[in-house]
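Turn these sequences into a full structure, and let the hints steer you where they fit.
There are 6 protein chains.
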Amino acid sequence: MEISARNGLKGKVDDVKLGEVMASIKIAVEEPGIITAIITKESAEDLDLKEGDEVKAIIKSTEIMVAK
Amino acid sequence: MEISARNGLKGKVDDVKLGEVMASIKIAVEEPGIITAIITKESAEDLDLKEGDEVKAIIKSTEIMVAK
Amino acid sequence: MEISARNGLKGKVDDVKLGEVMASIKIAVEEPGIITAIITKESAEDLDLKEGDEVKAIIKSTEIMVAK
Amino acid sequence: MEISARNGLKGKVDDVKLGEVMASIKIAVEEPGIITAIITKESAEDLDLKEGDEVKAIIKSTEIMVAK
Amino acid sequence: MEISARNGLKGKVDDVKLGEVMASIKIAVEEPGIITAIITKESAEDLDLKEGDEVKAIIKSTEIMVAK
Amino acid sequence: MEISARNGLKGKVDDVKLGEVMASIKIAVEEPGIITAIITKESAEDLDLKEGDEVKAIIKSTEIMVAK
Chain A
1 MEISARNGLK GKVDDVKLGE VMASIKIAVE EPGIITAIIT KESAEDLDLK EGDEVKAIIK
61 STEIMVAK
Chain B
1 MEISARNGLK GKVDDVKLGE VMASIKIAVE EPGIITAIIT KESAEDLDLK EGDEVKAIIK
61 STEIMVAK
Chain C
1 MEISARNGLK GKVDDVKLGE VMASIKIAVE EPGIITAIIT KESAEDLDLK EGDEVKAIIK
61 STEIMVAK
Chain D
1 MEISARNGLK GKVDDVKLGE VMASIKIAVE EPGIITAIIT KESAEDLDLK EGDEVKAIIK
61 STEIMVAK
Chain E
1 MEISARNGLK GKVDDVKLGE VMASIKIAVE EPGIITAIIT KESAEDLDLK EGDEVKAIIK
61 STEIMVAK
Chain F
1 MEISARNGLK GKVDDVKLGE VMASIKIAVE EPGIITAIIT KESAEDLDLK EGDEVKAIIK
61 STEIMVAK
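Chains as they are written, first to last, in the UniProt record's numbering: chain A, 1 to 68; chain B, 1 to 68; chain C, 1 to 68; chain D, 1 to 68; chain E, 1 to 68; chain F, 1 to 68.
Do not take every clue at face value.
As the list makes no split between identical chains, a pair holds if one copy fits it or if it spans any two.
Each computed EDC-like pair below joins lysine to aspartate or glutamate, with the alpha-carbon atoms no more than 20 Å apart [unchecked claim]: (1) LYS68 with GLU2; (2) LYS68 with ASP15; (3) LYS12 with GLU31; (4) LYS17 with GLU31; (5) LYS56 with GLU20; (6) LYS56 with GLU31; (7) LYS68 with ASP48; (8) LYS17 with ASP53; (9) LYS10 with GLU20; (10) LYS26 with ASP14; (11) LYS68 with GLU30; (12) LYS56 with GLU30; (13) LYS68 with ASP14.
No wet-lab data here; the hints were simulated from the structure. Fair warning: this is a prediction, and the values are worked out from it, not measured in the lab.
As structure tokens, this is what we get:
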């Protein structure tokens, strides 16, 4: 099956920490490529985003899934 | 201010598409580095995640913010 | 009060596991009905989604709330 | 590849609505089964969740992915 | 029904903008009160968060629901 | 750097609870101001949202980041 999530970053597991309910997985990303961010039009205009701008993609850890 | 979100992927804006309410931003990630994923302990055990495993970090576009 | 979240799946609590900060709740869904997924137009076109297609709705556990 | 997301609800596409950037996909869920919700321990205790309780799993549409 | 989501900020609708698929709702919050953020232990320690610290709660718009 | 997330609520840390993997941070919001919620057009129409409506912004704790 192919999934609608646009972003798949290939890498190697760097560390696994298990809690009682949650787990923290560190991944060393090797082949980043292109990622897609969906933000509000208002934010895109406020930040005046244009091709070539140096930016950072910010992602909360609870929003990242792992496939193996 | 420093933000609690663990993941910041540096890159260049590749494309900006504005809709009426939302906007789609393509980012060519240049310096991936280490990312942190928070999943359930159950998933980590089911996938038998261990250091060195080849994996993919999967992220829905609506969960990615942009900083400039 | 009525909430904007489009998806409410009725069911019975199957298991409750409490950690120090988080809790994992298993729910046996009884009356699924229709759910709404918001994805990017690009994904919908890539997956060539059409009425009648057999699909799977994929949801990360941290994104599910419980009402009682 | 197997994905860490715990919840996969099988069903049929009921409707596809494309906007400029986003798309709304209606899915008639056929085989619900067991879903896992991760909430705070505090919420689980406040709601006094116990096995057998009648509940609703509430999910914002922007958090649902589609696999085909 | 009571919902597990910990945060409910009372206020008045300030603006409603409808797109084809999504809508942007501005809310003037009147009674903020206490909100709960769940972050990684690692972030809490990195930011050295302590009672009394001046902070900002940062929330992506796609993660906010509206109840009326 | 400025971040695309539309919502920043200023306040003071009220409590910090550390688990093994996650942490719960209580914040007493002092200067709420205007917040932006992105919901489906369908929800906005179903709830018949209009300027001046008394509403509640509902946010799951796992979706709130902290900046210091």
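Hint-by-hint comparison with the structure:
In this homomeric assembly, LYS68 and GLU2 come within 20 Å of each other (Cα to Cα) both inside a single copy, at 14 Å, and across copies, at 5 Å. For the identical chains of this complex, LYS68 and ASP15 are intra-copy neighbours only, at 15 Å inside a copy versus 27 Å across copies, given an alpha-carbon limit of 20 Å. Both within a single protomer and between protomers do LYS12 and GLU31 lie at most 20 Å apart by alpha-carbon distance, with minima of 10 Å and 15 Å respectively. When the C-alpha separation of LYS17 and GLU31 is checked against a cutoff of 20 Å, the pair qualifies neither within a copy, at 23 Å, nor between copies, at 24 Å.
In this homomeric assembly, LYS56 and GLU20 never come within 20 Å of each other (Cα to Cα): the closest approach is 32 Å inside a single copy and 24 Å across copies. Taking identical chains as interchangeable, the C-alpha atoms of LYS56 and GLU31 lie at most 20 Å apart whether they share a chain (17 Å) or sit on different chains (10 Å). Taking identical chains as interchangeable, the C-alpha atoms of LYS68 and ASP48 lie at most 20 Å apart only when they sit on different chains, with a minimum of 9 Å there against 37 Å within one chain. With identical chains, the CA atoms of LYS17 and ASP53 are at most 20 Å apart between copies only, with a shortest distance of 14 Å across copies and 36 Å within one.
In the homo-oligomer, the alpha carbons of LYS10 and GLU20 never lie at most 20 Å apart, since the shortest distance is 27 Å inside one protomer and 27 Å across protomers. Within a single copy, LYS26 and ASP14 get their C-alpha atoms as close as 5 Å, which meets the 20 Å cut-off; across copies the closest is 27 Å, which misses it. With identical chains, the CA atoms of LYS68 and GLU30 are at most 20 Å apart within one copy only, with a shortest distance of 15 Å there and 23 Å across copies. In the homo-oligomer, the alpha carbons of LYS56 and GLU30 lie at most 20 Å apart both inside one protomer (17 Å) and across protomers (10 Å), since each shortest distance falls under that limit.
Within a single copy, LYS68 and ASP14 get their C-alpha atoms as close as 14 Å, which meets the 20 Å cut-off; across copies the closest is 28 Å, which misses it.
Hint check: violations occur at hints 4, 5 and 9; the rest are consistent with the structure.
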